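Based on the provided sequences and hints, a complete structural model is requested.
When the letters of the sequence shown are read in order and numbered with this note's numbering, they come out as residues 53 to 117.
What the hints contain is simulated information worked out from the structure, not anything from laboratory work. Predicted model only: the values in this text are computed from it and were never measured. Accuracy of the hints is not assured; some may be wrong.
[As the list claims (entries may be wrong)] With beta-carbon atoms standing in for the labels, derived distance ranges:
no., residue 1, residue 2, range
1, Asp101, Glu71, 16 to 24 Å
2, Asn54, Ile84, 26 to 34 Å
3, Tyr65, Glu104, 29 to 37 Å
4, Glu71, Thr100, 14 to 22 Å
5, Glu58, Gln81, 14 to 22 Å
6, Cys66, Glu104, 28 to 36 Å
Backbone N, C-alpha and C define an ideal beta-carbon position, used for all residues, glycine too.
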Amino acid sequence: MNQLTEKSISCPYCGETIEVLLDPADVQQSYIEDCQVCCKPINFLVFTDVDEELAVTVYSEDDAF
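Below is the structure:
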């Protein structure tokens, strides 16, 4: 079973820092989760960084990727 990793992110809409749980099974996948503060949809892209640690990039629906 994969262990979840807790990360702090800033909502691209309201700027609030929120805690999210990342699943290693989601590496190289994107998904949408609503902000816990403003309820707007945040796009998540989960990946492993150069140190092989779980990382995430978040962006709004309006951001070009």
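Evaluated hints:
| no. | hint | result |
| --- | --- | --- |
| 1 | Asp101 <-> Glu71: 16 to 24 Å | 19 Å, holds |
| 2 | Asn54 <-> Ile84: 26 to 34 Å | 21 Å, violated |
| 3 | Tyr65 <-> Glu104: 29 to 37 Å | 31 Å, holds |
| 4 | Glu71 <-> Thr100: 14 to 22 Å | 20 Å, holds |
| 5 | Glu58 <-> Gln81: 14 to 22 Å | 18 Å, holds |
| 6 | Cys66 <-> Glu104: 28 to 36 Å | 32 Å, holds |
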